[in-house]
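*Asks:* Sequence:
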Amino acid sequence: MLASREFSLFFLTVRFLSFSHTNHMECLISRIIAHYSKMKRDFVRLSEH
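Going by the working numbering, the sequence shown opens with residue 5, and the numbers climb by one from there.
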């Protein structure tokens, strides 16, 4: 459930960003993906303990 909520939020963000300039959008998307992967790494690290 949480994953689908995160995905829908990400999808909405992409939809919203598609109205911006493409270069700016790519920069923001890469930052969002980096943020999500960092959060996933932290979550995995926490769940391992």
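Among these hints, one or two may not hold up.
Pairs of lysine to aspartate or glutamate, EDC-like flavour, derived with a Cα cap of 20 Å [as the list claims (entries may be wrong)]:
no., residue 1, residue 2
1, Lys-42, Glu-10
2, Lys-42, Glu-52
3, Lys-42, Glu-30
4, Lys-44, Glu-10
Please keep in mind that the hints were generated in silico from the structure rather than gathered at the bench.
*Asks:* List in ascending order the numbers of the hints, as given earlier, that are violated by the structure.
*Replies:* Violated hints: none; all satisfied.
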